[in-house]
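S.K.: Sequence:
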Amino acid sequence: MKMKLLTVAVLSTLGLVACGSSDDDQVAVTIKAVDFTETPAPTTADERAQTYSRSVAKVTYSDGRVEDHALSYNMLFSVKDPVAEINGVKHPAGQLYNYKMEPLLDPMGNPVVAETPDANSLLKVDGKLFLVTHYEYDWILSDGSVANIVPDWYTRMPMSMTLSDITQADDGQLTATKVKPIDFSGVNGIWIPCFGSQTPWNTHLGSEEDYDLIYNPLDSKNYGTTTAGLKAMRELYFKGEREANPYHYGIIPEVTVKADGSVSVVKHYAMGRGTWEQALVMPDSRTVYLGDDGEYVQMTMFVADKATDLSAGTLYTAKWSQTSDQGGGSANLTWIRLGHGTNTEIAALANSLTFTDIFDAVAPAEGQCPTGFKRVRAGSSADECLTLKPGMEKAAAFLETRRYTALLDGTTEWTKMEGLAINAVDKKLYMAMSRIEKSMRSDLTEPADHIRLPENKAGATYTLELKSALKDTQGNAINSDWVAVNMYVEPTLLGKPISADTVGNTADVNAIANTDNLFFSQKMRTLFIGEDSGMHINNFVWAYNVDTQKLTRILSVTAGGESTGLQVLENLNGHAYIMSNAQHQGDFPSSINADLKAQLTPMIDKLSAPVGYIRGIPGL
20 MKMKLLTVAV LSTLGLVACG SSDDDQVAVT IKAVDFTETP APTTADERAQ TYSRSVAKVT
80 YSDGRVEDHA LSYNMLFSVK DPVAEINGVK HPAGQLYNYK MEPLLDPMGN PVVAETPDAN
140 SLLKVDGKLF LVTHYEYDWI LSDGSVANIV PDWYTRMPMS MTLSDITQAD DGQLTATKVK
200 PIDFSGVNGI WIPCFGSQTP WNTHLGSEED YDLIYNPLDS KNYGTTTAGL KAMRELYFKG
260 EREANPYHYG IIPEVTVKAD GSVSVVKHYA MGRGTWEQAL VMPDSRTVYL GDDGEYVQMT
320 MFVADKATDL SAGTLYTAKW SQTSDQGGGS ANLTWIRLGH GTNTEIAALA NSLTFTDIFD
380 AVAPAEGQCP TGFKRVRAGS SADECLTLKP GMEKAAAFLE TRRYTALLDG TTEWTKMEGL
440 AINAVDKKLY MAMSRIEKSM RSDLTEPADH IRLPENKAGA TYTLELKSAL KDTQGNAINS
500 DWVAVNMYVE PTLLGKPISA DTVGNTADVN AIANTDNLFF SQKMRTLFIG EDSGMHINNF
560 VWAYNVDTQK LTRILSVTAG GESTGLQVLE NLNGHAYIMS NAQHQGDFPS SINADLKAQL
620 TPMIDKLSAP VGYIRGIPGL
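My numbering puts the first residue of the sequence shown at 20, with every later residue one more than the last.
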């Protein structure tokens, strides 16, 4: 009887117990559905210059009741707020540091503050709340100049994450009471941390988009970027005291937070190397999908040897076999085994090898390669003639994952592969493809032409069906029940380019453009989607109900800003939250109406990029 009374008390606190029932036949009232009303696209300069929601969450209960809950956007802090603390000294939240945790200074002698907050992981650890936040790249300097084009300055900077202590009020309001930068010196720093995810074992899984550190001297354009990136790491992060190794970057980091606020960081070399937008762990705590951001990129799957341990496992790459070129295209997927590795052995290879230790490489001559070489296009539009040196299969698989994919006839033709989300009940994986262009178009002059789709610069969100008991292309069993077998696009999730409208939108504002962040709420049966679009003057966060296929705009982001940091918490002490940041506010697309740009420019503080969340939904 005491157990029954306790259950009723808890349900009553959450408003989930039917009224009028006796103590002996209490019937729990459950949430049947959550629907959203539309936040209209902004029409005035005031609306365009702010981040806001005017949506209402309509919660339907199993007893027929419908409750309306207004949504609101709340900022925890902006990147310029002096809330981060080292040794008792306050610093701006987005400030960057070298390997001794000393502030990095810009050409004016002022601390560099990155106004690009990206991934969020709000974690509950032994009853305490902590928020891990990425800072993706540096955009502007203290005088307002654009960092990567300032003469005699660095094209990119070593980056950072912060850990915030979070308190929760009875009404659901969240407050950051303490913010501190996370020390990455033990893993050689971090380069362009983009989107992230939360593991089933309650750690933060980050990313590393090493656009600048992955290429070789055969591609003179990209090699120049490589040397510039390594120069920044050597001179700024390591203070000229050691060299930077490109094989230490493009590796998935995992951040573990303990209840006392201490943090440990590891980079998972066993998961391969790429321009990782995100890594997402499946419900088995072993299978991981990785989104590779860029052009001529691969789709990667990692299967760990043990659940909750990503330090060892088998790496696979996908091959696209097209079945249609309509509506974003569709294909069957097969998986090529790249190899098995551990963090320890791959890190040792990273420490000891260079590109020329792994491959012999020459440039094609009139599109042809010498005997014994294979022409590939992997990671850039420049072709390479490669041959693998003896005994270098493992090094190639884990340190040059994209190139090895191409050598083994895997597909390296995806463009701007972004966020991922898992619908565990339906066994579907959602994958953002921000743009369908360049490498995804048909081109018979390329070394391979697997993907042959019409261009759609507004992109699409793909659905991948997951199956079990599958084999790789060599006939070996894949030890996972979460293997993607095909991919296609639901019509509502396909971008809609248009001719520029009166304000400069080049994609329909009533459809998603350049999908980026994804997060699926199982209890709401809703896929949440954040945009990174130069085709919308204001980017949006959308809610897509996978059962009704209803698409609803629920947040409008400050003009020029990108929606980032998407995470949905379905029930945190009786409240639900949608974590959402914005970065590079005021970075207008070139298509913007000139008068509107002149009006908006003084209204937007580019250095006040917010780390925040949407509240108003009751705990589910």
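Some clues are possibly wrong.
Taking lysine to any residue pairs in the SDA-like style, the calculated list, with each CA pair at most 25 Å apart, reads [claimed, not checked]: (1) K199 <-> T218; (2) K446 <-> N590; (3) K542 <-> T174; (4) K625 <-> T174; (5) K616 <-> A519; (6) K338 <-> T174; (7) K625 <-> K542; (8) K476 <-> K542; (9) K147 <-> K338; (10) K143 <-> E273.
Quick list of simulated restraints, FRET-style, between CB atoms [said to hold, decoys possible]: (11) D428 <-> A617: 46 to 56 Å; (12) T406 <-> P170: 34 to 44 Å; (13) T196 <-> R261: 32 to 42 Å; (14) S487 <-> V381: 40 to 50 Å; (15) P126 <-> N351: 22 to 32 Å.
Treat the hints as calculated values from the structure; they're not laboratory data.
All of these numbers come straight from a predicted model, not from anything done at the bench.
Heads up, the beta-carbon is just placed ideally off N, CA and C, and yes, glycines get one too.
S.K.: The structure should be examined with respect to each hint, and the outcome stated for every one.
M.R.: Hints and how they fare:
no., hint, in the structure
1, K199 <-> T218, "22 Å, holds"
2, K446 <-> N590, "22 Å, holds"
3, K542 <-> T174, "43 Å, violated"
4, K625 <-> T174, "19 Å, holds"
5, K616 <-> A519, "15 Å, holds"
6, K338 <-> T174, "34 Å, violated"
7, K625 <-> K542, "36 Å, violated"
8, K476 <-> K542, "32 Å, violated"
9, K147 <-> K338, "43 Å, violated"
10, K143 <-> E273, "16 Å, holds"
11, D428 <-> A617: 46 to 56 Å, "52 Å, holds"
12, T406 <-> P170: 34 to 44 Å, "40 Å, holds"
13, T196 <-> R261: 32 to 42 Å, "36 Å, holds"
14, S487 <-> V381: 40 to 50 Å, "43 Å, holds"
15, P126 <-> N351: 22 to 32 Å, "52 Å, violated"
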